[in-house]
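Participant: So the chains spell out like this:
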Amino acid sequence: MAQPKNYGFGEEAAMLKESARKFFADNFSTEKLHSMVAQDPNPERMSECLWDQALWQEMVALGWTSLAVPEEAGGLGMPLAAVAGLVEELGRAAFPSPLLGTLNATYVLAACDAGEAALAAIAEGATATLAITNAAGSWDIRDTGVSAAGGKLSGTASFVQDARKSDYLLVSAASGDGLGLYWVAADAPGVTLHPDAIVDLTRDQAHVTFDNAAAEQVGADGAAALERALPAVWTLLAADICGAAEWQLQTTVEYVNARQQFDHSLGFFQAVKHPLVNVMCAIDESKSLTYNAACAYDTEPEEAARCAHMAKASAAETAAFASGRSVQCHGGIGFTWECFVHLYFKRQKHSQLLFGDAAWHRAKLADILIGPVAA
Amino acid sequence: MAQPKNYGFGEEAAMLKESARKFFADNFSTEKLHSMVAQDPNPERMSECLWDQALWQEMVALGWTSLAVPEEAGGLGMPLAAVAGLVEELGRAAFPSPLLGTLNATYVLAACDAGEAALAAIAEGATATLAITNAAGSWDIRDTGVSAAGGKLSGTASFVQDARKSDYLLVSAASGDGLGLYWVAADAPGVTLHPDAIVDLTRDQAHVTFDNAAAEQVGADGAAALERALPAVWTLLAADICGAAEWQLQTTVEYVNARQQFDHSLGFFQAVKHPLVNVMCAIDESKSLTYNAACAYDTEPEEAARCAHMAKASAAETAAFASGRSVQCHGGIGFTWECFVHLYFKRQKHSQLLFGDAAWHRAKLADILIGPVAA
Amino acid sequence: MSESARKDSPEQAEFRQYCQDWLKDNTPGEPPVRLPQSPLEIMTEPQLAYLQAWQKAAYDAGLVGCDYPVEVGGGGREDCQRVANEEMIRARTPFMPNVIGLGMAAPTVFYHGQEELKQRLLPRLFSGEDIWCQGFSEPGAGSDLASVQTFAEKKGDKWVINGHKVWTSLAHFAEWMILLLRTDKSHKYDGLSYFVVPIRSALGNGVTVRPLIKITGETGFNEVLFDNLEVDDSYRLDELGKGWQVAMTTLAHERGAGEKVTPRSGGLKSAATHATTTGNLIELARGAQRNGKPATDDPLIRDRIMQLVIREEGLGQNQRRARVPALQDHPARIMLQNKLLSSEIAQDTASLAVEVAGASASLYLGDDNAPAGGQWPMAYMNSYGMTIAAGTSEVQRNILGERVLGLAKSK
Amino acid sequence: MSESARKDSPEQAEFRQYCQDWLKDNTPGEPPVRLPQSPLEIMTEPQLAYLQAWQKAAYDAGLVGCDYPVEVGGGGREDCQRVANEEMIRARTPFMPNVIGLGMAAPTVFYHGQEELKQRLLPRLFSGEDIWCQGFSEPGAGSDLASVQTFAEKKGDKWVINGHKVWTSLAHFAEWMILLLRTDKSHKYDGLSYFVVPIRSALGNGVTVRPLIKITGETGFNEVLFDNLEVDDSYRLDELGKGWQVAMTTLAHERGAGEKVTPRSGGLKSAATHATTTGNLIELARGAQRNGKPATDDPLIRDRIMQLVIREEGLGQNQRRARVPALQDHPARIMLQNKLLSSEIAQDTASLAVEVAGASASLYLGDDNAPAGGQWPMAYMNSYGMTIAAGTSEVQRNILGERVLGLAKSK
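Chains as they are written, first to last, in this note's numbering: chain A, 1 to 375; chain B, 1 to 375; chain C, 1 to 411; chain D, 1 to 411.
Calculated from the structure, these hints are not laboratory results.
The calculated lysine to aspartate or glutamate pairs, modelled on EDC-like cross-linking and capped at a C-alpha distance of 16 Å, are:
hint, chain 1, residue 1, chain 2, residue 2
1, A, Lys-5, C, Glu-86
2, D, Lys-293, A, Asp-140
3, B, Lys-5, D, Asp-8
4, C, Lys-409, A, Glu-254
5, C, Lys-293, B, Asp-140
6, B, Lys-5, D, Glu-86
7, C, Lys-7, C, Asp-79
8, B, Lys-22, B, Glu-58
9, D, Lys-7, B, Glu-11
10, C, Lys-7, A, Glu-11
11, D, Lys-293, A, Asp-143
12, D, Lys-409, A, Asp-263
13, C, Lys-7, C, Glu-86
14, C, Lys-409, A, Asp-263
15, D, Lys-409, B, Glu-254
16, A, Lys-5, A, Glu-300
17, D, Lys-155, D, Asp-227
18, A, Lys-5, C, Asp-8
19, C, Lys-188, B, Asp-263
20, C, Lys-293, B, Asp-143
From just these sequences and the hints, can you work out the full model?
Facilitator: Okay, here's the thing in structure tokens:
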């Protein structure tokens, strides 16, 4: 199936993106974000989970959590290209929420053989997140820290994103039959959330222990489902990064235009101007690759992994680069807690490494384009 | 044995370096170099070997070819730190000559068990070069394209530097007893030089075929001798690169100071200024590491490989970076044959890759500092 | 149906079919001579003749200048050049030799020339019968283009031109030149005017063309000296003193940001010779050895090639996204990056290829053992032409910072 | 004999032996509190007390201020501070808390203060009893230091100071501040003067110190507000209007390019806490997993670590080469690179460490599972303090380009 020239990003998608941008602009300024999540600067602070639940309920009411749910499961069944547009705006606002986790779970469930009930729950407003990573932080599909036997889970899932904002966990677990996927309420018996104390102030994270916890198997061939769905996960994270990076760029441009040194605005100096241009070019590369990956996911599944590896590899580099320049170009003020750039800096460093850093994705891409290394 | 603080770079070394600089400044301007080697710009030209043999004879008379020959073999036995100083000046002048090859051969011979006669020949003014690389351009010691049997050589040595300027070849060859080193006149029966058509106008290069050619074995354990001596080879090449890079930097600085655009000299613009500062810092790193490597070779042989890998890895990067900036900062004129920067650009690209590029040396360094990768 | 065809208007759809049909029968076969890497490097008459014949055929068939009015020799179509380009590139036709004419001179003459001049010059420009060159840069005016000193003095109703232009690609074949010069020494920008001038017919009679040799050893561009060349006032484009504004039209089209789509065929992927692409880089790496194994097995090489693959694909996807209005942040933001990014990607690709080739990268065109015939080191050197000419990368970054991000002008 | 001792003068050799003997018995044991990563980040009184006690002991033993004259509290020795530093670093003593005093205030007061002032201030500076801070930067004067607006107005024989300084490390503990201010609004550079002013004794009486919180969440620097602070004219250094020249003495010493060697102990390698070195990075990589194997087995990680190892060693060897006159290209060329290179190497080292830690790099100081206690992400964030403070990397490159390469001033 050939890809549409416009990424399948039609009018409906454009309206969704525009309305999301307006929603965050109207309801959730960076100032509000800062006053919500950055109350306690103590670097040894315990883990916190601070978010605007009232606003979240509005988002649910707008249907944003069920966008990706297939129509037959009660959702809107919108293409990933449209969802990516929404997530780009989410990233631009750095809005703390379980949206990304819920979307991720949606794509995985949709690739499962028995995900209908869980998808229906999501379509009705339930939130969820992926619990598929082991304590070593491996991004390889088969590396889980959880095992399953007789429908019960044991072990630990680490680096679970926005766990405390999520009603359900979608867990990968190994058993004699291979890797399975399981759906379990976050507050189910035998499930314990251990919040992590993390750098990123706009997310929460936990490791989750399972002590013989009863769970519903939703995917018998978990590896196949993850292989199909992870390109969507990478694409959405790339979209989030692009939005956040655009905020970093625009905020920094504003600052260097206003700040005067040596009788010129800072933006006059090529040592400031050229790196910011490079940031812009990096963002554009990542954005274009993100929509390409979304479109491939929607229309050419056999190309989805290749395109998504490119998108996340590019976005990971963009996240790191845009973050570094946003602080450096802000100078001394950028190094303080009171300047908002640190919020995005920390979110981006987190996103950069999540679900595979640039080198990891490039290695996978090379396996596709060049072929694996001879043993 | 502890290293001297000053790299063992004493008064004698300083005088040698200073006199070499003066020698080239007085006798061999870049203009002279250009008119000698750049007569034929045709990119499909055949291989050429253009050099100033009269000046070379003066250098031999000054004793420069026997500097590194041990005193007991009739040479001056100067430390590598001092020789590196001379080679830095050679690189700055980009002087086409068999000096580097002869010095390389000297260090390898000095590490051999039966190199005395060959060293004596060098002390008396003979020139030589290493023929230790196979057609695949492998820099690993054991990868030779030549085999030995009964004192006769067969096969091909590739990428032999300044072959047509050399009286003798020092050849590595595999036999049933392992890797041996052999000394053979370049015009001996059974030895045929096939000149390569190369980019670099300041060197000549050839592949050499051996057809049952009689040769004298000078090193029974060739691998051990090369392992001992190659750090000196890498260090001298790094020194050559540093000298050439300094020429590139100074020439470019002069140009950007003179050239006016937008009512300022080009050097006013940070997009020119900062890259040139980065070139300077890269050169200084490489220089410091080069003298450190030379000093280690002289005084702490067990550290020689570690330090020389650093020096050549650093210098290879510096060669590439300084070359790129020298052309870019010269703008349109730098892109022409008539501007001298192309001579150094081409020499540096050649040096960058010769005897191991940056990544190759870093991989070897990692084996030393981290330990080899578990199989 | 191809992806490009998906959004065709009826006119475009019909034209696309026409192009496909014509190209099926008329795409030229193997060239009788080795072609250069780009039209700007055409060195010999046989190269030129082969490429000129192709351009003429394509023009006669209506695939060149489609969107220009019929009166000036165009096809009178609407937004069809894009379609013709897509089909010619798909058909891997050779490139067209009159690149400066098509990409820069045609839109400039069209938007700023008098009607009579357009009707006279454009048909032979489109057909490739008249090759054009560009006289902008001077020894003292590179990045700072507005400081050109070539001067035209009014004598009667003629202009007498004196000066010195450099880096003029194709001047040795050109009939015409677009020429930025000075008619008033007292104003930097407002003292500039813009002419078209005959080159070939004035050789030895006010015009001297001297080849410049490139760092690679190739010829291909020239310096052009004007010594009292007399030209008619009708060769002036737009008003006196408006040369800078006219030049902006030229440069916008050069950067791909102009109103007219440049007729393009061939392109990198169909070049008869070696192209600086990651695909070719991977081929090189498969054949090169590193530590006794194919270089494609080296994780560092793999990673660095993938970095370039991603940049190359990003650039391609930029072009695609630039046509989706809802995914734009600023109208010119993507298009103004093209030249900067494509030249730097090409440079880094060639640079990595040289590293991958390793010791063999020392071998040049004249060597039988050189990988890819020695074209990688040549491509690497030529890449500096791309990052320097037509606005250095430094100037491109200024333009992007100032026009798109709104940062203060660095000058 | 150690390599450092090889070139000692007789005085230095004797002094070195003395230092070694003293340090054998007097190097402090494990600190009772967790120490910060650098003296500039001292946050608590117990940290300060421990470090102050060490500095006092070292001063009393003659290891601090050795090269200053006896009259100002120094040791009256010649080129011996270097020796003491080497031995203290070898002995892995803690760092000294009064870094700004020792490194910047002492040489400035010494070269520009009146005799009486020197004799009064320097002994307690060397001993660490009086902590010093630096009042240069302002909200509107960062890289463009000469645009400071803090103003001193002459009233009788007193000066009345009003203004706002920022990024003043250690101000919350400081007795004294070196202060660059304006005494004339009509000249940018020549309107500047330089004072030493009491901070602690004037708190609430013309001086307010407010902590600023860093991006990491740590405190450690401050803003200092002057509201009609009265100071005596004897606190002025050098002539009125010569503040910029005096500040150059301060900055030269800050960049390690001044005449006086700064007393230094500890240093990165002996810091009680985690240091941003490639050695620690390799340890981290040994413990981290990548694709099911130690990250030290990953060829890309190995390569990138080696890039940093080489830069780190290059910086160290630069220091060594800077003392070999025959291997210099320009007197200040190497030393002026120090700050730029060391800060960027630290930044890149911490950045790579964060990548090596991977998912675990999300974990911060308060998390029990954080690799190295979460100090790598903190070090990465703190590294921007290093590339921004005391002349941003951009300003450092200007300085190098202008002073060493002789390029035109960018302003």
